[in-house]
Every structure is written in C-alpha cells, then in structure tokens.
Amino acid sequence: MEYYFFRYGDLELHRRMVSDRRRTRAFADALFEVVSNESSVLDVGTGTGILAMLAARAGARRVYAVDFADIVDVARKLVAANGLDDTIKVIRAPAEELMLEERVDILVSEWLGNFALVESMLEDVLHAREKNLKPGGRMIPASVSLILAPLDDAVTYADDGPGFWRNPIHGLDLSQLEAWELAQGKAWQRHVEPGSLLAQGQPIVSLELARATMADTSKEGRVTYVARRDGVLNAFCGWFSAELTERITLDTGPGQGPTHWAQTYVPFPPRVVRKGQPIEVQYALGPDPRERRNQRLMLRVDGVEQVCCVE
Numbered sequence: 001m002e003y004y005f006f007r008y009g010d011l012e013l014h015r016r017m018v019s020d021r022r023r024t025r026a027f028a029d030a031l032f033e034v035v036s037n038e039s040s041v042l043d044v045g046t047g048t049g050i051l052a053m054l055a056a057r058a059g060a061r062r063v064y065a066v067d068f069a070d071i072v073d074v075a076r077k078l079v080a081a082n083g084l085d086d087t088i089k090v091i092r093a094p095a096e097e098l099m100l101e102e103r104v105d106i107l108v109s110e111w112l113g114n115f116a117l118v119e120s121m122l123e124d125v126l127h128a129r130e131k132n133l134k135p136g137g138r139m140i141p142a143s144v145s146l147i148l149a150p151l152d153d154a155v156t157y158a159d160d161g162p163g164f165w166r167n168p169i170h171g172l173d174l175s176q177l178e179a180w181e182l183a184q185g186k187a188w189q190r191h192v193e194p195g196s197l198l199a200q201g202q203p204i205v206s207l208e209l210a211r212a213t214m215a216d217t218s219k220e221g222r223v224t225y226v227a228r229r230d231g232v233l234n235a236f237c238g239w240f241s242a243e244l245t246e247r248i249t250l251d252t253g254p255g256q257g258p259t260h261w262a263q264t265y266v267p268f269p270p271r272v273v274r275k276g277q278p279i280e281v282q283y284a285l286g287p288d289p290r291e292r293r294n295q296r297l298m299l300r301v302d303g304v305e306q307v308c309c310v311e
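Residue numbers in the sequence shown follow this note's numbering, run continuously in steps of one, and reach 311 at the last position.
Just to be clear, a hint being listed does not mean it is correct.
In silico PhoX-like links for lysine-lysine, alpha-carbon gap of 20 Å or less [what the hints assert, rightly or not]:
hint, residue 1, residue 2
1, 89, 77
2, 131, 89
3, 89, 134
Simulated restraints on C-beta separations [as the list claims (entries may be wrong)]:
hint, residue 1, residue 2, range
4, 166, 258, 26 to 32 Å
5, 25, 208, 39 to 45 Å
6, 25, 272, 40 to 46 Å
7, 303, 276, 18 to 24 Å
8, 278, 102, 50 to 56 Å
9, 258, 77, 44 to 50 Å
10, 136, 290, 38 to 44 Å
These are computed hints drawn from the structure, not numbers from a lab.
In this text, a Cβ means the ideal position worked out from N, Cα and C, and glycines have one as well.
Work the whole structure out from these sequences, hints included.
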C-alpha cells in the first residue's frame, strides 16, 4: 500500500482536519442543504466517517463510506456507535476500483489539499464519479478555483524566508545563500495578512467537478495584476475557493478566517513595484515529476523565473 494511505491512518491528522471549524461546518451545512430522504450519497475518502454520518443525519436513504486507509476500521466502529449502520455501508477499497450496486445522487469528498491539488486525491474522486454518480448527480464541492496573488511581506521574507541570509552571522557573509535557497524552490503554508497583498488575487485554475478531468488541473497561462501601492514584490500567495453548493462557499484566502490549509507562500526574487503598475505573471502548474502527489509551480515576472514544489 502507498505511504499516502498509511499516513491517513494517523488520528492526529484527522483531528487537525475535523477541528478546522470552517471546513467541517461548511461541509455539514452543504449536506444538510442538499440531502433528502430519497438521496443516495457516496463519501469518497471517508476517513473517520464524519461526512458520511452527517449525510445520514441529514436524512439520506443510503450512504456509502469508502476509504482505502486503515482509518476505515475506525469509521465502521463510529458509524455503529452512532446507530447509523443501517443507513451507512462502510467499504474498504481503492476509489478507482469502486463499483457500487447503484449509482448515487450525491458524491461528497473533502479531497482538498494545500493549494487544493496537493495530495492528488482528486484523481480518485474523478474515478469514483465516472463509475458511481448518476447522470446529472451532484458533486460536493461543485467547483474549485485556485487563486494566486503577489505579496509584499518583508517580515516573512527576511525572518523566515531566503532574505534571512542577507544579515551577517557572527561577522560572516552568507548572502549568497539567499539565491541558493530561492533556487531550491520550496513553498510552505502560513497565514498571510490581507495587508500584504500587492494586488487582488486572480484564479489560475478553475474546475467544475461534474465534468473536470485530471488534464484540467495542469495549466499554463498569463495573468496581469495591478499594484495597489508602492512596494516590493517578494513572494506570491496561493489559496483556493471551493463552492460546495450554490449557497455555501469555503474560501481559504487571506482575511477569510483561519483554516488548517492556511495559504501557500511562494518566495520570489524581490523587485520594486509602483502603485498602478501592471505586474504580468506567466505561470505553469502541474504534478511534480519527483512526487506526483505534490505540485510544481513555475512563476515568471520580467524574465525572472521561480520554480517551486508545493507540498
């Protein structure tokens, strides 16, 4: 079994996700909005079974809770402990091999990783959709957009990023390491302050889950921002916005409230920008060739390129 599935047997990981109140509340509200007593529901990557149990509590006729990790045994016990084993069928199986005895009305899955696509769980969800969702059935989330914005965050760049190396250490000049650290191409998760945004975020990938394919997750293009103020472009910030239903959206952007995903911080070689100045960014996003469950993001501004791995 792939290490990815062993990792999801760790309850500490599930506690971090379930304790994310914005995440759990949004999915709960979505299920109670759309599930009826005639609904059949498939929960892909059920984990501890919480979404499956919420679907049952919302009145679903039948719920299928599917996972390939060891945590599925925990889900089965929790379903029984909550008196829902007459409604919920817990199945241990790889999602790509799943073939239910009926096609379902609703497919729900919290497949979202850092910058939405990290972990590549979406591929499993799309396999399950093709074999198990009724024509015209509902996907939760219904759509997801990956959003990118330029940053001026001098403190993060200088204290926790490549700019740290500019300051002498015990009289030693280590400044070359700034460029070397940038070349290593590492992004990381942090909560970004809205005031650090140099311009409004813009979507670089948009997915309609009822018809999306994995090819839609790899994207190249250009986007132009307009600087809100004078500043120094020294990073980019990535996040996602997931429309769960027409009424409920889970936006993980700066200032929208904390989530366990935070935002993706991508350091970039610093450059001065002026208020009103257009910032044209060429980008390419796709699976990291070294580890398919990570994402490789290339950003180019004025001929300067930064490539990073989003984990």
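When the hints from earlier in the document are held up against this structure, which numbers fail?
When the structure is compared with the hints, numbers 5, 9 turn out to be violated.
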